[in-house]
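Chain A is already provided as a structure; the job is to place chains B, C and D on it using the hints.
4 protein chains.
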Amino acid sequence: MIKVIIAGYRGKMGSTAVSMVQDDPELELVAVLDPFATEKEAYGVPVFNDKEGLVGIDAQVWVDFTTPKVVYENTKFALENGFAPVVGTTGFTDQQIKDLESLSVDKKIGGLIAPNFAIGAILMMEFAAKASKYFPDVEIIELHHDNKMDAPSGTAIKTAELIKENRDFKKQGAKGEKESIPGARGAEYDGFRIHSVRLPGLVAHQEVLFGAPGEGLKIRHDSYDRASFMTGVNLGIKKVVDLDHLVYGLEHLL
Amino acid sequence: MIKVIIAGYRGKMGSTAVSMVQDDPELELVAVLDPFATEKEAYGVPVFNDKEGLVGIDAQVWVDFTTPKVVYENTKFALENGFAPVVGTTGFTDQQIKDLESLSVDKKIGGLIAPNFAIGAILMMEFAAKASKYFPDVEIIELHHDNKMDAPSGTAIKTAELIKENRDFKKQGAKGEKESIPGARGAEYDGFRIHSVRLPGLVAHQEVLFGAPGEGLKIRHDSYDRASFMTGVNLGIKKVVDLDHLVYGLEHLL
Amino acid sequence: MIKVIIAGYRGKMGSTAVSMVQDDPELELVAVLDPFATEKEAYGVPVFNDKEGLVGIDAQVWVDFTTPKVVYENTKFALENGFAPVVGTTGFTDQQIKDLESLSVDKKIGGLIAPNFAIGAILMMEFAAKASKYFPDVEIIELHHDNKMDAPSGTAIKTAELIKENRDFKKQGAKGEKESIPGARGAEYDGFRIHSVRLPGLVAHQEVLFGAPGEGLKIRHDSYDRASFMTGVNLGIKKVVDLDHLVYGLEHLL
Amino acid sequence: MIKVIIAGYRGKMGSTAVSMVQDDPELELVAVLDPFATEKEAYGVPVFNDKEGLVGIDAQVWVDFTTPKVVYENTKFALENGFAPVVGTTGFTDQQIKDLESLSVDKKIGGLIAPNFAIGAILMMEFAAKASKYFPDVEIIELHHDNKMDAPSGTAIKTAELIKENRDFKKQGAKGEKESIPGARGAEYDGFRIHSVRLPGLVAHQEVLFGAPGEGLKIRHDSYDRASFMTGVNLGIKKVVDLDHLVYGLEHLL
Chain A
2 MIKVIIAGYR
12 GKMGSTAVSM
22 VQDDPELELV
32 AVLDPFATEK
42 EAYGVPVFND
52 KEGLVGIDAQ
62 VWVDFTTPKV
72 VYENTKFALE
82 NGFAPVVGTT
92 GFTDQQIKDL
102 ESLSVDKKIG
112 GLIAPNFAIG
122 AILMMEFAAK
132 ASKYFPDVEI
142 IELHHDNKMD
152 APSGTAIKTA
162 ELIKENRDFK
172 KQGAKGEKES
182 IPGARGAEYD
192 GFRIHSVRLP
202 GLVAHQEVLF
212 GAPGEGLKIR
222 HDSYDRASFM
232 TGVNLGIKKV
242 VDLDHLVYGL
252 EHLL
Chain B
2 MIKVIIAGYR
12 GKMGSTAVSM
22 VQDDPELELV
32 AVLDPFATEK
42 EAYGVPVFND
52 KEGLVGIDAQ
62 VWVDFTTPKV
72 VYENTKFALE
82 NGFAPVVGTT
92 GFTDQQIKDL
102 ESLSVDKKIG
112 GLIAPNFAIG
122 AILMMEFAAK
132 ASKYFPDVEI
142 IELHHDNKMD
152 APSGTAIKTA
162 ELIKENRDFK
172 KQGAKGEKES
182 IPGARGAEYD
192 GFRIHSVRLP
202 GLVAHQEVLF
212 GAPGEGLKIR
222 HDSYDRASFM
232 TGVNLGIKKV
242 VDLDHLVYGL
252 EHLL
Chain C
2 MIKVIIAGYR
12 GKMGSTAVSM
22 VQDDPELELV
32 AVLDPFATEK
42 EAYGVPVFND
52 KEGLVGIDAQ
62 VWVDFTTPKV
72 VYENTKFALE
82 NGFAPVVGTT
92 GFTDQQIKDL
102 ESLSVDKKIG
112 GLIAPNFAIG
122 AILMMEFAAK
132 ASKYFPDVEI
142 IELHHDNKMD
152 APSGTAIKTA
162 ELIKENRDFK
172 KQGAKGEKES
182 IPGARGAEYD
192 GFRIHSVRLP
202 GLVAHQEVLF
212 GAPGEGLKIR
222 HDSYDRASFM
232 TGVNLGIKKV
242 VDLDHLVYGL
252 EHLL
Chain D
2 MIKVIIAGYR
12 GKMGSTAVSM
22 VQDDPELELV
32 AVLDPFATEK
42 EAYGVPVFND
52 KEGLVGIDAQ
62 VWVDFTTPKV
72 VYENTKFALE
82 NGFAPVVGTT
92 GFTDQQIKDL
102 ESLSVDKKIG
112 GLIAPNFAIG
122 AILMMEFAAK
132 ASKYFPDVEI
142 IELHHDNKMD
152 APSGTAIKTA
162 ELIKENRDFK
172 KQGAKGEKES
182 IPGARGAEYD
192 GFRIHSVRLP
202 GLVAHQEVLF
212 GAPGEGLKIR
222 HDSYDRASFM
232 TGVNLGIKKV
242 VDLDHLVYGL
252 EHLL
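Protein chains in written order, with the working numbering: chain A, 2 to 255; chain B, 2 to 255; chain C, 2 to 255; chain D, 2 to 255.
Excised from the complex, chain A in its bound form:
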């Protein structure tokens, strides 16, 4: 049984994390933290308004879905008090992450700071990066709801960067190919193309297509719901207890 504290338990992500912990027989919720909570007890465990009250409590992991303002102090506090942090809150500077890594090494405590807990998306990117070593011909199609303002999506651009790092450069498409309507061939990035589809009903989806003589390989990720992040948080909790330093990015635990 891994004993878990959840900081920011009243927010969307925090409360979803509470449910996830309580549904897993290998995890035990022992305390929750929120500076503005008025209740004394929630989900059967004590509520704290101030992190100092948690010094000495019997717990191994500190899950943090709080705010950019407090997350650095929270994570530092967790490491100093022997709780391995699993942090989904954003807002760290590069220097802060370096400091926390150093601190974790000194304290020999594991930890995870992850800007993205969607294991499926991380696997898609990792698989795409690997496939591009053998199949340099690739295109990305990302599909999102039609309220999205930017194109291509952040995930598509991150995938493209990873592909660029892994494949030999190739300018794809027929020499002298022509667009009879501009934009048909999509956005060009490092010689390959990215296409952004926007339709009502869609949530967040991406396909990475590889082609070679006589074959094709496609990797598709569909994200329907924020519940998907909890698979990653759960994995993080179970992995950090066996680590002796803090890592940045869930991909380092896969």
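Everything labelled a hint here was simulated from the structure, so no lab data went into it.
Only part of the chain A face toward chain D is listed, based on derived beta-carbon distances under 10 Å:
#1 131
#2 223
#3 228
Idealized CB from N, CA, C, for every residue including glycine.
Quick look at chains B, C and D alone, frame taken from chain A:
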């Protein structure tokens, strides 16, 4: 049993048509025509070099995969001699098609001139056109081998035209959406988007995607091989014998 | 502007219908009905507890998402009072539907009773039925969340029935094909196969795959959310005002 | 420039390999072997009928697409004469492979024996195995032409075995789920399901689907043509020259 003449039996399409006719127990090959053939017999039937030799032969259907130069005269000859033409050769002027339609009405003989015999592609276009009446939010993704010079493909443009005729105009996408790399959102046609993917290994494929709150509808056609046209030629042969006039476009027989 | 009454406005479907009507500038909500409502006004319109209070109100359409117990009386009342009913509630006997059809003809009032308002699913079935006329080789893959108890799904079976009505019977697959693990080839229905996938994260999806020499055609419907039914309810409201009798099944309005 | 001998150059795979080598500016064909060839020269290089004639020739790699009868002797000969073997011929006993591995270690020569050169299929299996560690809910859909006699396919079974080795056992599907038509839920293997689709027009395709709360991950491989194997043969040639022992299975070079 429908008795069939095949004109242009030594070309790629013509010889594929011979196999298709011989494999179908409801069809019987009775003669083949090619001005440059030197053999007297082929596939167990007599070979003709000159169409005049076919006057009076016992046949109902004239399949034509010849050349733009002779196809108009061939089709006229077929109608005049009581053979219902099924023509895949291109090269007619609009006036010639009108003349042949008139002639067919006079003679009360069925016929079919079809620029495209791929039933699957025709159904995809028909379904897309119908769906766009109820789902005005649509995007087209067409995928071809990477030697293709033009984008979007002819089929994509024809599909887009049919959608335009059937849906109420809608300028899709978020108001003020931005491309961080130009072309990401694809080619704009009548307010919707077309994306052209080019990869080795692909042949000719198209997806039409519709989206509405809470749902999506996708129609995909894959064309791997010219064999696919024979399903349409077979259908044409069986339909023209029951028609009393010539039609232009296989869609009129579906 | 079409004036609309919504019966059962406090239920899940009813309240979603209220939002849909209020979001459409061509529709106007004029009254809502629920026997147990305690408020006098909701969404800016009067609330009624008893349908009798609605006699003489200025409205063209009666949307009904109530209960099996009252829906027959409600629909009869609507027809008798000049409101074209659009009914998503289930629980009619065959005789009741016949009686309501007769009544609508007498009154020359349009109406719609629909067990399924998902236009996308209805189009998928219609397209599949049509394609099966030309492509007798077909398989269905339906994919649902892993709490679903029955396999194949009701939609898959309805699709299969429509295909059966439209294609010539064909026993598909290689003669003498063998399953090394039983069930690999799926459920057999009229000579073709249906496959049921169950995974967490999925909602309700179906693919109908057609194959012929050299080509493939796929029709896929994805249903993520009950919001999808509203496209059909909206269409129903706009169509019934031009009808002079009641129809059963949204497909008759497509 | 890597100098290459091709044994079995007149077979389907051998002659495809000749084209591949000649199209790659980093490779040079230096000799070809076939016991029954009557020509003295082919593709601009000398033809040998007996492998003994190749002793001392300046080459680094021996590509072998011959027959089960001679492949063991060929591979042994290659290792003994300093040519790194890349072998696609089947028919080795386990003991023979062990002997060749030992010999390669003694000689410090690289080599590859691969039952499957389709990199795309190998990557699909590797990615599926890895994803199953994090997503224990999985189903496999494999799709082949309708002349295939066995179901599930060999690739599907191999994929299933790899998944079994990597995930914790899980009996998937709803407790008490019912098939109204037997086989709907597919073949059961280690608690998950495999579905085999058979349609004309298809070649060899496979999808591995993973599901978790709120998300899905799909890996699909399409194999259209034997040309696809050449990407793997090419990779093998370039990798074996840097190895100091023989490996069995292309996956060890990815």
